[in-house]
Amino acid sequence: MSETPLLEIEDLAVALPTERGPLRAVSGVSLSLAPSRSLGIVGESGSGKTMLARAILRLLPPGARLAGAIRFDGRDLLRLSRRDLRRLRGRELAAVFQDPMTSLNPVLSIGSQIAEALTEHMGLAARAAMARAVALLAEVGIPEPERRAHQFPHQLSGGMRQRVAIAIALSCEPRLLIADEPTTALDVTVQAQILDLLARERQKRHMAMILITHDLGVVAGRTDDVAVMYAGRIVERASTRALFRQMRSPYAEALMAAIPRLDAPPHTRLSAIAGSPPDPTRPTPGCPFSPRCRYARERCRSEAPPLSADSRDHHYACWFPLPDRSRAEV
Amino acid sequence: MLGLIGRRLAYLVPVILAVTALTFLIANLLPGDLAIVMLGDQATPENVAALHKQLGLDLPLWQQYLHWLWGVLHGDFGTSHRTGQTVLNAIAGRLPVTLELLIMAELGGILIGVPLAILCAVRPGSAFDRTVAGIAFGSLSVPPFMLAILLIFVFALRLHLLPATAYVPLSDSLLGNLRSMALPGATLALLEWPTIMRVLRSDMISTLQEDYIAMARAKGLSPRRILLVHALKPSSLTLVTVIGLNIGRLIGGAVITESIFALPGVGRLLLESIYLRDFIILQGGVLLVAIGFVLVNFLVDMLYAVLDPRIRHGRA
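Same order as they appear, the protein sequences are chains A and B. This note's numbering numbers the first residue of the first sequence as 13 and each following residue consecutively. This note's numbering numbers the first residue of the second sequence as 1223 and each following residue consecutively.
Worth flagging that the hints you see were computed from the coordinates, not collected in a lab. Hints may be right or wrong, so weigh each one.
To give an idea of the interface, some chain B residues facing chain A are shown, with a C-beta separation under 7 Å as derived from the structure [said to hold, decoys possible]: (1) Ala1249; (2) Lys1275; (3) Arg1304; (4) Gly1306; (5) Asp1433; (6) Tyr1434; (7) Met1437; (8) Ala1440; (9) Leu1443; (10) Arg1446; (11) His1452; (12) Arg1532.
The beta carbon of each residue, even a glycine, is placed where N, CA and C say it ideally should be.
Sequences and hints are given; from them, build the entire structure.
Put into structure tokens, the structure is as follows:
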């Protein structure tokens, strides 16, 4: 990662107001992403991964408090004026949301929902924007794009709608695409198609991408790097290859073990992580995973481990990391 | 789409039958006698009986109703026994006043209510939102006649800006007509806007929390476009319903407002015909009001389909 990063997040914290006091959705998150690289962010629900994405897009719910810095191409997103932010969103920074059933406007035609970004940011006239919208629909694999452009979201299947959302995101050739659980709401058979479409378009356009998911299996082989989040923090970060070769944090290991395996013998019990994530309104002094961790010792309960790197840029936040067996094999 | 229109039109028939039958029944339950109104209280029982026979008032009620209905089916809405004027003529003379009043009321209500609703929905709970909510509540709790009297007091008696009661027909003078309609129109508009504002505000607030609004923000669209294109259209179904019902209500004439401002509208015509036991006029008026009401709400249903493609395609 010697290149100048496109996105640089430094010590980011997001707190949401609740009746029981501030909810620390994200705390102390730092990461960077080079141009045209891809990063997977993995964590279970409530781990803060969606809030992290919304913070980058500056789309947090009203009353949310942000601290730290998010630099996009050298500009601090937290200090950007509304006008500059608007010029950035959709143009250089695009997003695909989780549920395509709700992320498209039900009363506007598909074509107009793609075209409006083009007229807003690229200065295209209405007719040219519509022609480009049809071309984009074809690019994301929608048959009969001209007819579809005049249709409304309810006339398309979930997978088709997510393709439309991707076409919208790609329309202005953004430099970074944030895909927040883009396949969670879709049929299993469609998931791989959508992920492959995202990967293909990313490579074709030399675009950077953050792929957020709760499923480690989704990022395997699809993103350059992976960050694993737990309780609003990054607990492990490495290149995807290194992470899957050897997980160093017990949480990532437990997450991996929770993926059902096809090669397991019949009637094998599915492994789950016992317990539930800590209450984000009641921060505890120790490692947030310690109550559920099978390796936890005294120190884990009193002191939170920092995110530190080994000699090969594999970061993990754990006092007692799992042994690096891969090194011995190399 | 054609099926939808057909179903709605078929719906009209039972509604109109029920409304006219009920009016007929209730009007005839009222004490009083048209013959006595016409002949004066010096009339002899023989004269009254003769007039009853002549007007068909001695027949059983259901026969009178069927007789009237038969006429209506042949385009004859009846003739006032008292004045000899046909129902259609009587109403046609009054309808423009009422229509003008209701257009002014709804237009005024929309012009005040819709922008305020949007501004309030952007920041619910803000000082602006709470102030508007307070004014709306105040406005809703003032009875129409109070509001009318207040407006007359301020604008006619104190400021001498507008006439209080002298109705000027549109054919005489456009400016004079607008001046004479300004206060009654304002009275009704001030009663309309709070409903419009409150209904649209709450729908807008929930729409603004939708995923597709976050998506529109993520696209970098201007706040104006997000509010007016992405949020207003899907939020306006209840608004259209409420406006439709209000218009329907006002076709019957805003009786109180028309009376206070001495406007020769449909509402006052119907009220007078009750006083004078002129049931033919009353009956015809109610029928036309009912048709108007059903037609307006039929248009509202059509408007749903225009606003929401899911309804157009029979999915919702």
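Against the structure, the hints come out as follows:
1. Ala1249: Interface hint status for B/Ala1249: violated (46 Å vs cutoff 7 Å).
2. Lys1275: This hint is violated: B/Lys1275 lies away from chain A, its Cβ roughly 62 Å from the closest one there, beyond 7 Å.
3. Arg1304: Where the cut-off is 7 Å and the nearest Cβ of chain A is about 53 Å from B/Arg1304, the hint is violated.
4. Gly1306: violated, 54 Å
5. Asp1433: holds, 4 Å
6. Tyr1434: Holds: closest Cβ of chain A sits about 4 Å from B/Tyr1434, inside 7 Å.
7. Met1437: Constraint on B/Met1437 satisfied, holds at 5 Å.
8. Ala1440: OK, holds: B/Ala1440 within 7 Å of chain A, min 4 Å.
9. Leu1443: This hint holds: B/Leu1443 lies near chain A, its Cβ roughly 6 Å from the closest one there, short of 7 Å.
10. Arg1446: Violated, because the Cβ-Cβ distance from B/Arg1446 to chain A comes to roughly 11 Å (cut-off 7 Å).
11. His1452: holds, 5 Å
12. Arg1532: holds, 5 Å
Of the numbered hints stated above, those contradicted by the structure are hints 1, 2, 3, 4, 10, listed in ascending order.
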